[in-house]
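Novice: Sequence:
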Amino acid sequence: MIKKLMTLGLLLASHATLADIAVIVNSANASAVDDGTIKKLFLGKSKSFADGSSAAPVNQDGNAVFDEFNDKVIGKSSSQLNAHWSKLVFTGKGTPPKKLDSDQAVIDFVSSNADAIGYIDASKVTDAVKVIGKY
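Residue numbers (the working numbering): 49 to 183.
Calculated directly from the structure, the hints in this document are not laboratory data.
Fair warning: there could be bad hints in the mix.
In silico DSBU-like pairs for lysine-lysine, Cα to Cα no more than 35 Å straight-line [unchecked claim]:
1. 172 to 147
2. 178 to 95
3. 124 to 146
4. 182 to 147
5. 124 to 135
6. 135 to 146
7. 141 to 95
If you anchor each label on the Cβ, the simulated ranges turn out as follows [stated by the list, open to error]:
8. 110 to 161: 17 to 25 Å
9. 139 to 176: 18 to 26 Å
10. 75 to 134: 22 to 30 Å
11. 138 to 174: 34 to 42 Å
Beta carbons are placed, not taken as given, at the ideal position from N, Cα and C, and that holds for glycine.
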């Protein structure tokens, strides 16, 4: 009985953390960005938007939004992503995106940097940024 209650509790807790993720850019950014480009930017495989303008991706720092983004958009677990970036850093082929600690910090960074791209909980979107994808 205790096992069943614990399992039910874990299922409910994990379901509660699932939220829609909004990928955002500066409101002045006119670049069209598809899912593949977003993934490449956050994996360090591309440094620019499709129109050639530079891109500065920004991650959240290990919170539920970070985990949800990695799962839904990047398709890697946190440990896989850490291994990916460790390899790139060790070989000198890349630097991981800057990490910020909250949705509001990402909104502030993206709204004040024309080349920024980030992600937040979709319920926290403001007029200061433009949503280019929802997952």
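Novice: Tell me, in ascending order, the numbers of any earlier hints that this structure violates.
Specialist: Violated: hints 9, 10.
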